[in-house]
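*Asks:* These protein sequence lines are chains A and B, in that order. Counting in the numbering used here, the first sequence runs from 1 upward without gaps. Counting in the numbering used here, the second sequence runs from 1001 upward without gaps.
Any given hint could be a false lead.
Quick look at which bits of chain A chain B covers, simulated, 3 or more residues with Cβ under 8 angstroms [unchecked claim]:
hint : segment
1    : 63-72
2    : 137-145
3    : 148-157
4    : 192-202
What follows is a set of in silico ranges between Cβ atoms, one per label pair, in the way DEER data are often shown [what the hints assert, rightly or not]:
hint : chain 1 : residue 1 : chain 2 : residue 2 : range
5    : B       : N1164     : A       : Q11       : 54 to 60 angstroms
6    : A       : G267      : B       : S1111     : 38 to 44 angstroms
7    : A       : I191      : B       : S1007     : 23 to 29 angstroms
8    : A       : G267      : B       : L1013     : 37 to 43 angstroms
9    : B       : Q1182     : A       : R104      : 43 to 49 angstroms
10   : A       : S251      : B       : V1085     : 20 to 26 angstroms
11   : B       : I1014     : A       : L148      : 24 to 30 angstroms
12   : B       : L1013     : A       : S163      : 45 to 51 angstroms
13   : A       : G203      : B       : S1235     : 39 to 45 angstroms
14   : B       : P1166     : A       : R104      : 15 to 21 angstroms
15   : A       : G267      : B       : V1261     : 41 to 47 angstroms
16   : A       : I283      : B       : S1111     : 19 to 25 angstroms
17   : A       : G203      : B       : R1174     : 56 to 62 angstroms
18   : A       : V20       : B       : V1085     : 54 to 60 angstroms
Since the hints were made in silico from the structure, they are not lab data. Heads up, the beta-carbon is just placed ideally off N, CA and C, and yes, glycines get one too.
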Amino acid sequence: MSKQKKSLNIQGKQQRAGWVFLAPAAIMIAVFSFYPMVQAFITSFTTGTGVNQRMAEPLFYNYTRMFADRTFLRSVGNTFLYLAIEVPIMLVLAILLAQLLNNRDLKFRGLFRTMVFLPCATSLVSYALIFKSLFAVDGLINTIFVNLGIFESNYNFLGNTGSARAIIIIALIWRWTGYNMVFYLAGLQNIEYSVYEAAKIDGANGWKTFWKITVPLLMPTIVMTVIMSINGTLQLFDESVNLTQGGPAYSTITMSHYIYNNAFGLGVGKFGYASAMSFFIFILVAILSAISMKVGDNRD
Amino acid sequence: MTKKNSSAIQRRLIPTYIFLIIVSFISVFPLYWMIAAATNRSVDVARGKITFGAYALENFQKLTQQTDLWGALGNSFLYAIVQTVVALLVCSLAGYGFELYHDKWKDKVFSILLLAMMIPQVATMIPLFKMISSAGLLNTVWAFILPSISTPFLIMMFRQNSRNFPVDIMEAARLDGLSELQIYFRMYMPVMKSTYAAAAVITFMNAWNSYLWPKVVMADTRAQTMPMLIANLASGYTVDYGVLMMGVLFCSIPTMIIFFVLQKQFAEGITGSVK
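If we strip away everything but chain A, and leave its shape as in the complex, we get (with noise of 0.2 angstroms):
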């Protein structure tokens, strides 16, 4: 009796330690997460700037007044189009590659992937730099293309719509490709090899092993992928400011780019407006994921 007491005594003080352990990531995660989250909805309420902050009139004006914001709603609609090109591309050739990677008889595998992992090995800003320097008026590619004599002169990528948003998108494209690749490798090496060796015994050629094998037992980590590549897409913003700068005239523009102008970017923080932006972010990630997270459990 005395000895059942003091075995629950002892587990009480070790379940106690383990909430030691746990309290200080958990508080700065409430503290650094949760508490500016619920300040940036009461935020939002407010209109005015700096020390001026009162609560807006309407209440839902900044609401009302960001779907009037033709430049809002073009950073909404620029963030849509890079996840629906970009996001499906990258993700078919980060499977692809991992497949074609996964192949034993493939020589050379380890310098292959190491070559296709590399882009990862640079940060944001570096990646977008570098391609903006190699896309300007006097950039290399431009070169090539005169030389070529496929144009005729120099042709401004960065400054005319379609072409700027379509670097951005290859510049994403060649940045994270690589490192979606990783995921599925990662998840291949989980699946027996003696299971494609079997599939290629009953004569299955490598489109229907890959549709058949790879993709169904792959699903739950290409939903994973898939809500990490929207979160990640919907927050775009060094490439944004780096390569384009929004620009021509907004036509790149992001988001979080868009948001980060009005809260710190040239004049006086518009710090309700900013933070009414960011909450509409939040609420797409946060459907966007649910929808995604669906979808895999009805797959299963």
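Dock chain B against chain A, hints included.
*Replies:* Below, chain B without anything else, positioned relative to chain A:
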């Protein structure tokens, strides 16, 4: 027989090789170009020169004259190292607590903390800026690291990887009179070495590369980081490509070295808790 077979296999793989070579070339070329451009004069870069030149030293000297290169490098290293050490300590302790002392309530707290993954950085940026500035911490290492010390990603990574931690040795250690915290330092940390390595690599990389948050709280030139330095270098009216790419090179060298030396840990760090 097998040899013939394998050469037939290799023949069938030719399209694969060609595809992989093209993809590899596209992946590597912009980085090669960056290094080559750092050694050339701006006019030559604009003319399309893609071989190495003799102007590396000149570009480097111009870079150090135009910017506070050493200051920014020092800042970036300081912020990234402090963030890595503190984040690893806080998050691994939490992962240890959540997994090895888990009960119903701790699991509930954990799933609440995971919700923080959905919070976009721009959403907390303004309130955090107000907090940091009213605490008088702008342009200090604390401003840089505080919001990113405790992340659900790292906690989850340590928690998931703790699943393999042998619980028996904890009992043995308790019988030997070790306290719970001593078990963490003397048993958990050494056993979890590889998780720490992967977590360190990914945290360092993220800290080194971060741009939006430092741009908000590290406005003082003396506090600026490498990504901020090169972004400023490129925002001028005329850009000296040679000097700019020398800056980009300096911003990339530390992460490149980590990539080549610790690629396995980097890959593990990216995939984190995925098993």
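*Asks:* Taking the hints in turn, state whether each one holds.
*Replies:* Status of each hint after checking the structure:
Check result for the segment 63-72 of chain A against chain B: violated, 0 residues qualifying (beta carbon to beta carbon below 8 angstroms, three or more required). Coverage of a stretch by a chain is defined here by at least three residues with a beta carbon nearer than 8 angstroms to that chain's beta carbons; for the segment 137-145 of chain A and chain B the count is 5, and the condition holds. For the segment 148-157 of chain A, the stated coverage by chain B is not satisfied: 0 residues place a CB nearer than 8 angstroms to a CB of that chain, which falls below the threshold of 3. Against chain B, the segment 192-202 of chain A contributes 0 residues with a C-beta closer than 8 angstroms to a partner C-beta. That does not satisfy the three-residue criterion, and the hint is violated.
For N1164 of chain B paired with Q11 of chain A, a C-beta distance near 23 angstroms fails the hint of 54 to 60 angstroms. Remark: the range hint 38 to 44 angstroms for G267 of chain A to S1111 of chain B is upheld by a beta-carbon distance near 42 angstroms. Taking 23 to 29 angstroms as the suggested C-beta distance range, the pair I191 of chain A and S1007 of chain B conforms, at roughly 27 angstroms. Checked against the given bound of 37 to 43 angstroms, the beta carbons of G267 of chain A and L1013 of chain B, roughly 59 angstroms apart, lie outside it.
Between Q1182 of chain B and R104 of chain A the CB atoms are about 46 angstroms apart, so this pair conforms to the stated range of 43 to 49 angstroms. Range check, S251 of chain A to V1085 of chain B: Cβ separation about 43 angstroms, and the 20 to 26 angstroms hint is violated. One distance hint, 24 to 30 angstroms for the beta-carbon pair I1014 of chain B and L148 of chain A, holds here, with the actual separation near 27 angstroms. Checked against the given bound of 45 to 51 angstroms, the beta carbons of L1013 of chain B and S163 of chain A, roughly 36 angstroms apart, lie outside it.
Range check, G203 of chain A to S1235 of chain B: Cβ separation about 59 angstroms, and the 39 to 45 angstroms hint is violated. Taken as a hint, the range 15 to 21 angstroms is violated for the pair P1166 of chain B and R104 of chain A, whose Cβ atoms sit roughly 33 angstroms apart. Evaluation of the 41 to 47 angstroms hint for G267 of chain A and V1261 of chain B yields a pass: the beta carbon distance comes to about 45 angstroms. Take I283 of chain A and S1111 of chain B: their Cβ atoms lie about 20 angstroms apart, and the range 19 to 25 angstroms holds.
Between G203 of chain A and R1174 of chain B the CB atoms are about 58 angstroms apart, so this pair conforms to the stated range of 56 to 62 angstroms. Checked against the hint of 54 to 60 angstroms, the C-beta distance between V20 of chain A and V1085 of chain B comes to roughly 20 angstroms, which is inconsistent with it.
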